[in-house]
Amino acid sequence: MKMSIVVRTTTKLVSPFLVTYAAYLMLYGHLSPGGGFQGGVILAVAVILLITSHGYKKVRKKFKFNWASLIESSAGAMLVLLGITGLAFGAFYANFLPTEGGIILPFNVIVGLEVGAAFTFVFYILLRWVESD
Amino acid sequence: MISLVVAFPLLFAFFIVLLDTLRVKRHIIQVSFLLGAILPATVLFMGIPKGEIVGGWNRISGIEVGISELNLPFIVGELILFAFVALYSISYFDFRDKKTPKALALLLLLHAGLLGAFIAGDLFNFYIYMEIASVSAFALITFSGEPNSRRAAFKYLMLSLLASYFFVFAIGLIYMETGYLNLILISENAVPSKELNAAVGIAFASLLLKAGIFPLHSWLPDAHSSAPTPVSAVLSGAVVKAPAYGLILMFLALPVGGTLRTLAMGTAVVSIFFGITMALLQRDAKRLLAYHTVSQMGYVLLGIASLNFLGAAYYALAHSLFKGGLFLSVGALGRKTRELGKFGYRNVPIMALSVVMLSLAIGGVSPFIGSYAKGLISSGLDGAWKYVLYAGSVGTLISFTKLNYYLLRGTSEDIKAVWKFSSIFLAFITLGSGLYLGAVFDPKDIIYVVLAMVLFFLLKAADIFKKRAHVGFGEIGEEVNVLTAVFILAILASVLLQGA
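In the order they appear, the protein sequences are chains A and B.
Each residue of the first sequence is one higher than the one before, counting from 0 in numbering that gives the first Met the number 0.
Each residue of the second sequence is one higher than the one before, counting from 0 in numbering that gives the first Met the number 0.
Hints were generated in silico from the structure; no laboratory data involved.
It is possible that some hints are incorrect.
Stated by the list, open to error - For lysine to any residue, the following SDA-like pairs were computed, each having C-alpha atoms within a straight-line distance of at most 20 Å:
(1) B:K97 - A:Y123
(2) B:K98 - A:Y123
(3) B:K98 - A:F122
(4) B:K98 - A:L69
(5) B:K101 - A:I124
(6) A:K61 - B:T20
(7) B:K193 - B:F165
(8) A:K63 - B:E145
(9) B:K97 - A:L69
(10) B:K101 - A:L69
(11) B:K101 - A:A117
(12) B:K101 - A:F64
(13) A:K63 - B:V23
(14) A:K60 - B:E145
(15) B:K98 - A:W128
(16) B:K24 - A:V18
(17) B:K98 - A:K60
(18) B:K101 - A:S68
(19) B:K101 - A:V121
(20) B:K98 - A:L81
(21) B:K97 - B:E145
(22) B:K97 - A:G89
(23) A:K63 - B:F165
(24) B:K465 - B:L454
(25) B:K98 - A:G89
(26) B:K49 - A:F64
Construct all of the structure, not just a fragment, from the sequences and the given hints.
Structure (structure tokens):
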């Protein structure tokens, strides 16, 4: 699955901006529209765009299948650990950071990583059936 | 503190995936699986706070969780059953198969989902956790590698998800009418209206489907019999209890009309006897047990519909223990074939003892826990309804006489020590918990057992067991369509009877 040079060049140009936008949504989501889930989905779209235009095999060399699994599972574990850390401050998921928005900022970043990695992971697995190049 | 009950299994489920990606030794994965299975129980020993709101927020905006006398039996039953299932699974799932760590992670997610549903204090979180449990269950059913298992899982997936969407729609209606999702606030603010009645009807029918009660049970025997043995035990023992707990929550918080309750009691009675009849006609040992789940869930519904929630909760606890034990022991005996008469416990006396004890427990013979739970349910019933319980006991005992009769005639090889341990221990727990809760031996029960045996041999002489009950549909799509139509009719009936 390899698309024309126009598509490949455009996706290469757009992808870094998508990653930046995803980072913005994750880091500023607690004060503006956005948040972890949205940021994560856009993060995944950056990779998925590259896969659809350049082919699974080529992208997989840079973004390894195992990395997606690694980020996904460690982000999930961190999410629970964030809640358990709150126990030391009184309650499960207690807001223990004195900053603006408190634990919502780390929460959003972790959720973003989790969602982005999970979507990429799902896309990789689905593509294994479609594509065998 | 209570939230930790859910946090531990969830944490270790993610850890297992992480460790699997890093390709660590299998012992570490096994240890983290066991830790995830057992650590939630330690939370209960640290002194139970009544209820709390996650994150220390106020009740209106927070997520309330709590442990009360109503959900404690559900939680205890799930924790005990899952501890044995965890021990059983690490020797059941073969680590040479690359998918095994995934199965263990899914089992832990199932554990987290069930516990989360049982501690939930608001409808939306109950729904979310019930879905976590269901989605893990769909995937786990296919791990058995049986040709039939994918079909069963697909049927379960379609029907269960359909019921979930209707349930979440009903939650939306309730939210629209009362303005809250928290159950305490809902019960304070619920004003009877047509919309609320429609919501109650829809939620009732969808929870009945997920609990596998008679006209909506048809996914259950396939799914529960073709799943891997430890998964069958959790499915029958705990997964169908989550919607039953949802029914309790709904009946507590919302005005449920008398007509709907009468319908529910009728459905429960039909479900009890339908399950027994179908079980009598099965030749597959695990299908026989699966049909008994349909029958036993009828008792739980009978308790709920007669507003005897404590009875229903204790019956759910009893059912988790003995049905889980039965699935574990019969599954261990029938690894090669599950057809009755071709395998058995003749050469393994310890399994014989545990199967017989568990059969007596499910038949409601004192002093096992089944008799205590049945006594609680019958204390909330009046008049002729009580005879249903006696007849149900005899029917269940006939069916289990059949199971034991065929198991006595066959032999089985290579049963692992840990499997024997799980079955016999669960059998003794059914006895011990019955004694602990105050069940005393009642000589009248011997009459039931003898009556059941006599009836069994009469039925056998009449060649009833040679008959086969099989409802075939052909294509899976056609089957799902027909079952969906039945489900829609059930929703309509319950909405109309609730008076919307």
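Hint-by-hint comparison with the structure:
1. B:K97 - A:Y123: Holds, at roughly 18 Å.
2. B:K98 - A:Y123: The given pair, whose Cα atoms are some 17 Å apart, holds under the 20 Å limit.
3. B:K98 - A:F122: holds, 19 Å
4. B:K98 - A:L69: This hinted pair holds, its Cα atoms lying about 16 Å apart.
5. B:K101 - A:I124: holds, 15 Å
6. A:K61 - B:T20: holds, 18 Å
7. B:K193 - B:F165: holds, 17 Å
8. A:K63 - B:E145: violated, 33 Å
9. B:K97 - A:L69: Holds, at roughly 17 Å.
10. B:K101 - A:L69: Holds, at about 14 Å.
11. B:K101 - A:A117: With a Cα-Cα distance of about 15 Å, the restraint between B:K101 and A:A117 holds, given a limit of 20 Å.
12. B:K101 - A:F64: Distance ~16 Å between B:K101 and A:F64 Cα, so the pair holds.
13. A:K63 - B:V23: holds, 19 Å
14. A:K60 - B:E145: violated, 36 Å
15. B:K98 - A:W128: holds, 17 Å
16. B:K24 - A:V18: This hinted pair is violated, its Cα atoms lying about 36 Å apart.
17. B:K98 - A:K60: violated, 24 Å
18. B:K101 - A:S68: holds, 12 Å
19. B:K101 - A:V121: holds, 15 Å
20. B:K98 - A:L81: Judged against 20 Å, a Cα distance of about 29 Å means the pair is violated.
21. B:K97 - B:E145: holds, 17 Å
22. B:K97 - A:G89: violated, 41 Å
23. A:K63 - B:F165: Distance of about 40 Å is beyond 20 Å: violated.
24. B:K465 - B:L454: holds, 16 Å
25. B:K98 - A:G89: violated, 39 Å
26. B:K49 - A:F64: This hinted pair is violated, its Cα atoms lying about 45 Å apart.
In this structure, the earlier hints numbered 8, 14, 16, 17, 20, 22, 23, 25, 26 are contradicted, and the remaining ones agree with it.
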